[in-house]
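Listed below, chain by chain, are the residues.
There are 4 protein chains.
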Amino acid sequence: MINLEENINSKPLRIAILGTGMIGEVHRRSALLCGATLVGAMASTPERSVEMARRWHTEPILTPADLTTIAPDVVHVCTPNAMHAEHVEAAITANAHVICEKPLATSISVAQRLTELAHQRQRVATVPYVYRFHPLVREIRSRVTAGEFGRWQLLHGSYLQDWLLSPLATSWRVEAATGGPSRAFADIGSHWCDLMEFVSGERITSLTAATSITVPERPVKSEVSFQKSSDAGQTRKVDTEDAATVIFKTRSGVLGSVLISQVSAGRKNRLWFEFDGERRSAVFDQENPETIWLGGEASAEILQRDPSYGSSEQRRLSTLPAGHSQGYAQCFENFVADTYASIRGEAREGLPTFNDGLRSAHIIDAVIRSARSNTWVDVTASL
Amino acid sequence: MINLEENINSKPLRIAILGTGMIGEVHRRSALLCGATLVGAMASTPERSVEMARRWHTEPILTPADLTTIAPDVVHVCTPNAMHAEHVEAAITANAHVICEKPLATSISVAQRLTELAHQRQRVATVPYVYRFHPLVREIRSRVTAGEFGRWQLLHGSYLQDWLLSPLATSWRVEAATGGPSRAFADIGSHWCDLMEFVSGERITSLTAATSITVPERPVKSEVSFQKSSDAGQTRKVDTEDAATVIFKTRSGVLGSVLISQVSAGRKNRLWFEFDGERRSAVFDQENPETIWLGGEASAEILQRDPSYGSSEQRRLSTLPAGHSQGYAQCFENFVADTYASIRGEAREGLPTFNDGLRSAHIIDAVIRSARSNTWVDVTASL
Amino acid sequence: MINLEENINSKPLRIAILGTGMIGEVHRRSALLCGATLVGAMASTPERSVEMARRWHTEPILTPADLTTIAPDVVHVCTPNAMHAEHVEAAITANAHVICEKPLATSISVAQRLTELAHQRQRVATVPYVYRFHPLVREIRSRVTAGEFGRWQLLHGSYLQDWLLSPLATSWRVEAATGGPSRAFADIGSHWCDLMEFVSGERITSLTAATSITVPERPVKSEVSFQKSSDAGQTRKVDTEDAATVIFKTRSGVLGSVLISQVSAGRKNRLWFEFDGERRSAVFDQENPETIWLGGEASAEILQRDPSYGSSEQRRLSTLPAGHSQGYAQCFENFVADTYASIRGEAREGLPTFNDGLRSAHIIDAVIRSARSNTWVDVTASL
Amino acid sequence: MINLEENINSKPLRIAILGTGMIGEVHRRSALLCGATLVGAMASTPERSVEMARRWHTEPILTPADLTTIAPDVVHVCTPNAMHAEHVEAAITANAHVICEKPLATSISVAQRLTELAHQRQRVATVPYVYRFHPLVREIRSRVTAGEFGRWQLLHGSYLQDWLLSPLATSWRVEAATGGPSRAFADIGSHWCDLMEFVSGERITSLTAATSITVPERPVKSEVSFQKSSDAGQTRKVDTEDAATVIFKTRSGVLGSVLISQVSAGRKNRLWFEFDGERRSAVFDQENPETIWLGGEASAEILQRDPSYGSSEQRRLSTLPAGHSQGYAQCFENFVADTYASIRGEAREGLPTFNDGLRSAHIIDAVIRSARSNTWVDVTASL
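Chains as they are written, first to last, in this note's numbering: chain A, 1 to 383; chain B, 1001 to 1383; chain C, 2001 to 2383; chain D, 3001 to 3383.
These are computed hints drawn from the structure, not numbers from a lab. Yeah, the Cβ is synthetic: ideal placement off N, Cα and C, and Gly gets one too. Mixed in with the good hints, there may be bad ones.
Which residues of chain C face chain A? A partial, calculated answer using Cβ under 8 angstroms [stated by the list, open to error]:
hint, residue
1, P2167
2, F2198
3, E2301
4, I2302
5, L2303
6, S2311
Pulled a few chain A residues facing chain B out of the computed Cβ check, cut under 10 angstroms [stated by the list, open to error]:
hint, residue
7, G147
8, S342
9, G345
Just the calculated beta-carbon pair ranges, DEER-fashion [to be verified]:
hint, chain 1, residue 1, chain 2, residue 2, range
10, C, G2150, B, R1054, 56 to 62 angstroms
11, A, G150, B, K1011, 53 to 59 angstroms
12, A, E51, B, S1312, 55 to 61 angstroms
13, C, G2201, B, T1145, 51 to 57 angstroms
14, D, G3345, C, G2150, 40 to 46 angstroms
15, C, E2217, D, R3369, 35 to 41 angstroms
16, C, R2369, D, R3236, 48 to 54 angstroms
17, A, T63, B, R1369, 56 to 62 angstroms
18, D, A3176, C, M2022, 21 to 27 angstroms
19, A, V220, B, R1369, 40 to 46 angstroms
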């Protein structure tokens, strides 16, 4: 069982959080549980920074440049996608380690620049592909490594949400200018691809994709993600996809497919995958992360998360007894704990770094190119 | 509730069955329940025809030409795909109505010829896309027609089996010469597409597909579908796909995708679809056909098959009280009952005819063309 | 795989059906599929007998005494419970074998008389505890016999319906005069207890029970089971239980409990059991009979019905390939097929006979006695 | 959405934790997230107290009497059941508010004494019946209050675990001397009854119960709950029940039943209930707390936890967006947050207090009396 503050002799890490929305709060709670001290917070405006700092019992950060003065050990970048580059650079300039929300950047070139910067300055730099921290995801991965599934036959799945089904729903994510040229795929498809490559050990080398804008107009402005305004008011033409479908082939020639949607009524956050091997299949559903289905020709096996059984990583990430359901919060806490441990110089398996953020930028770029050209395209190579 | 022998004043239909394998037996039982009299059966060889006829308490049919003498009212064609054309033509020549197993033919041109023949001779000619006869499939369709789902956002699903996962498994279906150039898609993908178009009201107009042969060599011969030999013996190179993925667009511009596999461990016959509308989503799983999931933003609804509730077609096809589970057998019985009723001149909704078999041939052809060319292709128009 | 007309050399059995309601129709279809010839049918009145005989293409039976003249090989007794005795006696007097609907009788003494009569006249006499014929029920039973579960820790479950939740719903089953002094428990609780004893190998020796009438008044009359009138009209005080709970102990000292209800909204025919052994647990849900859950401390196993795997009885009763869902109809067909095979002198495992019907009468009697006295009571011994 | 540190102007609460096992750690994390300052911890021995204090970055508490000196605002009592009385009294004597693990006491008289003491000293005194804090439990409760279910027909369920199935498993809970005369029922059955009464609004007035010891001998000693030793070593006769079944009647005459087990293989922490009303039924499964099933005659509804929909309490306790699964940790955090808010003088709905702990003692006592006498007994009245 993971101990969030593992090294009891080390002094607490001093952290700053840039971006105080829903996801910033998730970072803050995890940091708190991991024994960190919050030394500053920056929101969308100086006024809001002051208010949020008061609410979070910390100091306001008025501009990213202040980081140099504050000199935190770690900066959590939780701002809109298009600002990641500036904020990550400010953090590393201040010699801080960085956790940057995904997607790391809205283009390959920027993602590459940030990755190289972190590498040069020898900073721990991670991206919260937090679904890697579901204990049973690790269980499948450990069994893949052990050869339990055999050669892959097919890798498939979907990631479905419905928070943008309503024509009244919007967010900064919807506009290419703030969210980047891909929305549904970059936001959640990137999670699926990261998880697929992490668990299966395969790498997507080529793909063909199609995208769809099913809600052509949306309200001009919305401050908060995952919320709907009650009145549309002024609208603008949507320039990012609501749904995407991708067929891919991997380095070793395996066929796969994934479907991404933010307009599937009744689906809240349903990342789902099925990996079919020559001996068994594995199914994981992020909305029901406490069990996995392992299919075989004669019967299927249902594994329930349990610190008393299974692989070492499954046990390590199980912070509660079986049947006392863990979920998203524990993924995040374990991700932050492992990032902090890595900062303290301890080795951790499966930590998603800027390299993984860059990898993702390459896949997103390929999806955009394919959807525009209606052809198969190669995924360009990462570092 | 459907009464299988609805017109109690009519005299029993005289039927013949060509092909006495697993699916032939399913036809025979349904015919029996529908009050038909079996007047002849033909197996793979004259000797086997004699044996099967004795077992089925009927007369052997030694060659299709004998049908003219026997003059049955209906011929059930249950032979391997490549023989459908010859057997259907013999049946219609004998002036019989025909039920022909799917795929109707292994090419568009032959499918078209058979469809035209049936039309010219004014024969009732149906193809057992039997999943149309799950009562809850009709329930969704009826709600689609009533506008309950609104404009489609996304149409997706899969059809997964595992009976060809073992390299020792094979069947006449595996060889292009007997089964046709497409296997997994033609055999089961065709079911999915028929069901999707039947329920959603959409038509696939273009698609891009990729296929995969995951088991490169299989035993030379196997008599019986759904069975595995214990020893591989002599093998041959497989020339039909084990898996296929398809991205499609419909006439009204809706994006969709489907995944087909006969090599997914633990999946026996899992036809699954999710149709996402602007107001609700609908999910159907053929292996659990007694309930459907209707998703909405605020909550989901689970409908259980019930002759006391729901659409008229759902009620009509419910032959057992709720909770007394129906399944594949009742689909088949209802399909045969409706075909026979149509022969008796009664109108029936949703009967899959040779037109639907021809439609399927066009889609299969497009999948083959796209998979070979790695491009988007148009689905050619049916009659 | 069972062949319903197994002995292909025997001549068809001649059968008569007494009672032509919903369940009579289920008997008729099964008999038809098993190759029997229907020689007569009797409904609630002579007029209705004539009409039903015409609809079923057979002859009307005007009184039970006519059976002597008709001399059928088998009589299916599908009439209301209180008439079973008279009709079974008429059938056996006519030297017929008998299938009598459950409960066999509304008292121990009558059940015992009928059981002895069948025994004396050496007639095959069965009672449709058809859930024994779910293939996966046999799978569990076979594993119990093989010692896979170890000593039982706890035997529990429920049987829930909702067709009598509405105060407008009624049936001949509701009135003690026609249905017997116990309703919910005698009608469906008896199924659960039969299945529990059949599968687990345990025998209930003592119990304490409580019953409840939750709908105190119901309409005076309803012809058809499982239907609701739209208007209450004249009502009468209900004198049979809507729900029952039972705690029991078995011969070997195992504790168990079962809950029975016909007033649980949303539950249609949910017979459910969990048998917890010292090594594994087994769960079966009659509404989802194609899979079972076998729980273990480290993981659970899901078995799907499959003629290619599992115990010989599971395979024998699997009449369709895996994933082509079987259900209630196949249970009934297999029950009738096995009864007929037994009549032809062939041995069949697990056939529920009048002995089992008598056993059930003893348990029902104990439940009634306990619920009236609010004490633990012993189950009296069967033959 | 609940803000765990709601009153941002108040100074942090100073808390002490007595008992540093698995559940003590759960308390500590919740307290941390709620903004409290941990000022002391006491473990099973002074040496262990020193070690745990170091690990938890706090001071050791060597005897309960030290609380008077430390003067914490709140004491969390997480010690074995038999020590609750002494530790609660020490806490209240030190003028602290108290959170005491359940069962509050191992007898009615002690529970009553502690309840009265807290009342006299006007201390906030709560018991972690934390399942009350699952957002969807509140959703059902709110709909009960609104009359959505109508008059209850039947209240039933179970609470199944398997951590004591192995004859090698044990705990201080197993011995009556440390855990109290009832084990399975007092430990987990009490949770079920609390939840049933909390949600349904009913009160159990009489019951009949049976208990069973299925593992007659267990190892003499085990330090840690939920763990198994690899070797039995010396064993002793078990004097507390492994399983219990209860039939009950409520004040308004509703029939119900519940089954409790710690020896059901594959069940980890499966608290499950179904409450059947005259209009709808409600099902909750603690291991899958993110959805509930609301059954109706025509269809069922599945509600997913969602801060955007449903009752105010469901929304308030939803700390994460829909599909980002919450679980046990959030229940605990919300319980602690509400206790602390209550200490700060804010009103909170549904907080489980010592009154509820006392209520539970009365029910446990009735179960023990009934199981010993094999009769129906009345539940004695609480304060």
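We went through each hint and held it up to the structure:
1. P2167: C/P2167 check fails; min Cβ-Cβ to chain A is 34 angstroms, beyond 8 angstroms.
2. F2198: Status violated, d = 23 angstroms.
3. E2301: holds (5 angstroms)
4. I2302: holds (4 angstroms)
5. L2303: Holds. Min distance 5 angstroms.
6. S2311: violated (12 angstroms)
7. G147: At about 15 angstroms, which exceeds the 10 angstroms cut-off, the nearest Cβ of chain B leaves the hint on A/G147 violated.
8. S342: Violated - the Cβ of A/S342 stays beyond 10 angstroms from chain B, reaching only about 36 angstroms at its closest.
9. G345: Hint violated; A/G345 Cβ to chain B Cβ min 42 angstroms, cut 10 angstroms.
10. C/G2150 x B/R1054: 56 to 62 angstroms: For C/G2150 and B/R1054 the Cβ distance comes to about 48 angstroms; the hint is violated.
11. A/G150 x B/K1011: 53 to 59 angstroms: holds (58 angstroms)
12. A/E51 x B/S1312: 55 to 61 angstroms: holds (60 angstroms)
13. C/G2201 x B/T1145: 51 to 57 angstroms: holds (52 angstroms)
14. D/G3345 x C/G2150: 40 to 46 angstroms: violated (56 angstroms)
15. C/E2217 x D/R3369: 35 to 41 angstroms: Once the Cβ atoms are compared, 37 angstroms apart, the range 35 to 41 angstroms for D/R3369 and C/E2217 holds.
16. C/R2369 x D/R3236: 48 to 54 angstroms: Check failed, 40 angstroms falls outside 48 to 54 angstroms.
17. A/T63 x B/R1369: 56 to 62 angstroms: holds (58 angstroms)
18. D/A3176 x C/M2022: 21 to 27 angstroms: violated (55 angstroms)
19. A/V220 x B/R1369: 40 to 46 angstroms: Holds: the Cβ-Cβ distance is about 44 angstroms, inside 40 to 46 angstroms.
In this structure, the earlier hints numbered 1, 2, 6, 7, 8, 9, 10, 14, 16 and 18 are contradicted, and the remaining ones agree with it.
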